[in-house]
Structure formats: structure tokens, C-alpha cells
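Undergrad: One-letter residues, chain by chain:
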Amino acid sequence: MEFKTVLTTCPYCGCGCGLLLEVLDGKVIGTLPSKTSPVNEGKLCIKGWSVHEFIHHPARLTHPLVRKENELKEASWEEALDLTVRRLREIREKYGPESIGVLTSAKCTNEENYLLQKFTRAVLGTNNIDHCARL
Amino acid sequence: MSQKIKEQVKQLLADRKIKGFLGLREENGHVMPYLFCDPQELDSLSVGDWKKPGDARYPLNQILIQLAMAYPDETFAVLVRGCDERGLRELFKWKQLEEGKVIPIGMGCPDELAKACECEKPFPDCQIDGPKGKGAPSQRISKIEAMALEERFQYWLKEFNRCIKCYGCRNICPMCFCNECSLEEELLVEKGDIPPDNPTFHLVRAMHMVGRCIDCGLCEEACPAEIPLRILYKKITEVVAEEFGYKTGYSIEEKSPLNLIEVK
Amino acid sequence: MAKKRLTILQKLLEFSGIHPERLRMRWVSSAEAAEFVHEITEFVETIRKLGPNPLKERVAA
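For the protein sequence lines, the chains are A, B and C, in the order given. In case it helps, our numbering puts the first sequence at residues 1 to 135. In case it helps, our numbering puts the second sequence at residues 1 to 264. In case it helps, our numbering puts the third sequence at residues 1 to 61.
Just so you know, the hints here were simulated from the structure itself, not pulled from any lab data. You may find that some hints are simply not true.
Here are the computed lysine to any residue pairs in the SDA-like style, where the Cα-Cα straight-line distance is at most 25 Å [said to hold, decoys possible]: (1) B:Lys19 - A:Leu21; (2) B:Lys52 - A:Ser37; (3) C:Lys11 - B:Glu220; (4) C:Lys11 - B:Leu260; (5) A:Lys27 - A:His63; (6) C:Lys4 - C:Glu42.
The structure displayed is predicted, hence computed values, not measured ones.
Build the full structure now, drawing on both the sequences and the hints.
TA: Below, the structure is given as C-alpha cells:
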């Protein structure tokens, strides 16, 4: 049996509030504000309080999904990536790079978001990138 | 400080009387809750005094309920201050924790902290370590009662107007354990309303704190808008003491006036 | 149980700046029609004297 709290930073807005994830036997069961963090001094907004909820959420994607016959079906990474590359190329050629938009997420790491914007701008050739926290 | 606590816990672990001790740990300059299962880890034990006495207190009872739910057959020891002990007594009566499975390790609070918390009894009966602070009465309630009715109303309206509905007060409360909270009920509290129904939202919370609030002060510390919530809850506690002679957390047997249905 | 809650609520409302007489609790059985009418009439008078509820403007806002 193991219970510990792990200090981390809230992934949402730019404030960077310190929070403690309550971890029981390897599973995150709750969040507490960090009282010793100078940014938030033991206080959190509702987004920070519910940060732990998405970690083990049953609705999380665990497998690539491809739409076949109007239904999302499990596929391999190769199949999903091949389809994505092919279709993005086709769309960009036919309609131009500005016809593509990229939606990322504040739940991703900074590094993942950096990669995605680099990809959108340098590879796809458009500035059309945004995410749920609009940052 | 905390030497006696370390010794007591070491003994309990050595005698295998407990599965673990729920306390606080200091790590990389931060204080956070931790379950000590190995006596050697106790070197990093913290009692929640970071820069000032009691400024890194956490709702350990709340975590204990989670542990007890996952491991109902195990016994745990837990660090308690005066308020935490009051909380435990109520949680036993509300059947959220089993008395036989919890060993409180008592610690007192210094005068400075007692005064800041306006705490009536800043030390637990099971105290083995820490100072025995002097109880400090509340002064903030009388300030409100000195105001006329209209002035009071405007005061509270102004305070609650800053509420951002973060639910921090409810989330951090060690006595809030309802699976379905009425403050989240869409039919009662409209979605997207900021500040939430002023003053009803907070009056509802205050009513739910009747016979429940142990005056630990964590709610006010967790409020990002610095709303003086404790004045409300302290008033509620005062009313319950006057009307029903019941003081939350002082009795091991006597239940809160709202925790029993009289059959005549 | 209701009596206990309402006693506490009345004190809480007063502390929050709402006149305690805006809240009233009476037991009236369905067979006591006259009593019921008397009670309501009297209550309406009390409220009229107190004036509009300060919470009203909050709801409209």
C-alpha cells in the first residue's frame, strides 16, 4: 500500500498554480492546492481543483480510431497515420494550407504543444492553430 | 518539536499496530501529506509549520476517509491538532470512519496560531507533543452584530460578490463527505452563474455546516477571493450551542441535533 | 427536525441582514381552515410592513 501526494503545476492557464495530486496505489484520486507554492498560496480555481478528473477518465482515447462506414473503429497506428498523412496532403494540395486548422489541448504538455505548432506552421504552412485555453 | 510524535509512530509501526501514519512530509522545501509506512521515512516528517506555525495544514481526515474506504480492515494513525480531533469525533458519529481503526497522534498549536484561527481549543485531548496554546475567542462575529440589518446585508452582498464558484471551501473541508453535493445540483444552483446566487449559495453552505463545522479554518485559507467564510460558520456554531447546547466535536457520544431523528 | 433547521436558519438570516420575521413556521392541519386563513393574512401584513425583500433586486439583476 502506498499513499503520497505529488507536487506538480496546473496544466491549464499561464498562472502555473502549484497543486498536489493525491496518489493511492498508483492511481490519482484527488487534488489539493499546494500551500507552500508562492504562486497560489494554497488556493485554486475550479479548473485546478478538477485537474485530476481527466487522468483516469473512462472516456479517454486509448487506441487510434478511424472512421469506416460512418463509424469509428479501432485501427493500428500505421493505418491511422497513413490515412492522416494522405488526407492532409490531398486537402492542402486541393484547397491550400489555410483550409486546415489544428486544435490542440491544455491537457497536453508544453513540449507536445510546441511540436504541434511547429508542425502546423512549418509543415502544413498555416497559422490556424488554437487550443481550449486559447493560449 | 515532533520528537515525541516520531517516537510514538515508530513504536506503533514496529509493533505492527498500524498500516501507516498519515502525516505531512517536507520534500524539496514543500510540505505535503504522506502516508509513512516505514519508520525510517520519519526523518522528513513535518507538522505543517512551514514559514509560520500551521501555515501548511492539510485536511488529513479527508484523506483518511479515502484510505479507510480502500483498506477497511487496516488501522491507521493520523496527525491531529485540536480541530482535527473534533473532526474525528464527528466523523465517527457520522459513520465515515471507525473509531477502532484510527489512532490519533495529538499535537497542540501555539498561542500565535490559536489567535489567528480564533480557535476555542487549540489542542487535542490526546495531545502528546507541541505547545498547549490558549484558546482565543472570536471577535469578528461581534463586529457584524454591531451593524444594523441593512448594513449587514450590504456587507455580505459585497463579500459574496467576489465568489468565483471554485468550490474550494467545500473541496478542502475535512467534514464535507457527501457523494452528491446540493451545491452542484443543477436544479438548485444555476450553471455559469458567477458569482453564484448571492447570498443564497453561501447561506446554503452555512446551513450545511450546522453541527458539522469544526472551525479548522481551511475554507477561508482556500478561498481565492478571501471571503470571510469563517465568520458565518462560527456564527452557525454559536447558534447551535445556544439553541441546542451542542458543541461540534466535543462529545464522543452525543450526536449533532441534525444527526438524529427523535422518535416520540 | 424542521423546527430545528428553521430556528437555525432564522438566526442565520438575521446575521446576514435579512429580517428574521420574513421567515415563519406554523403547524396548521388541513382541518383548520380558519386558522390557516388567519395565519396567512397576518403574515402578509407583517411582510407588507417590512417592505420589499432586499433579495428581489438581486434576482432581477
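Undergrad: Under the constraints set out in the numbered hints, which ones does this structure not fulfil?
TA: none
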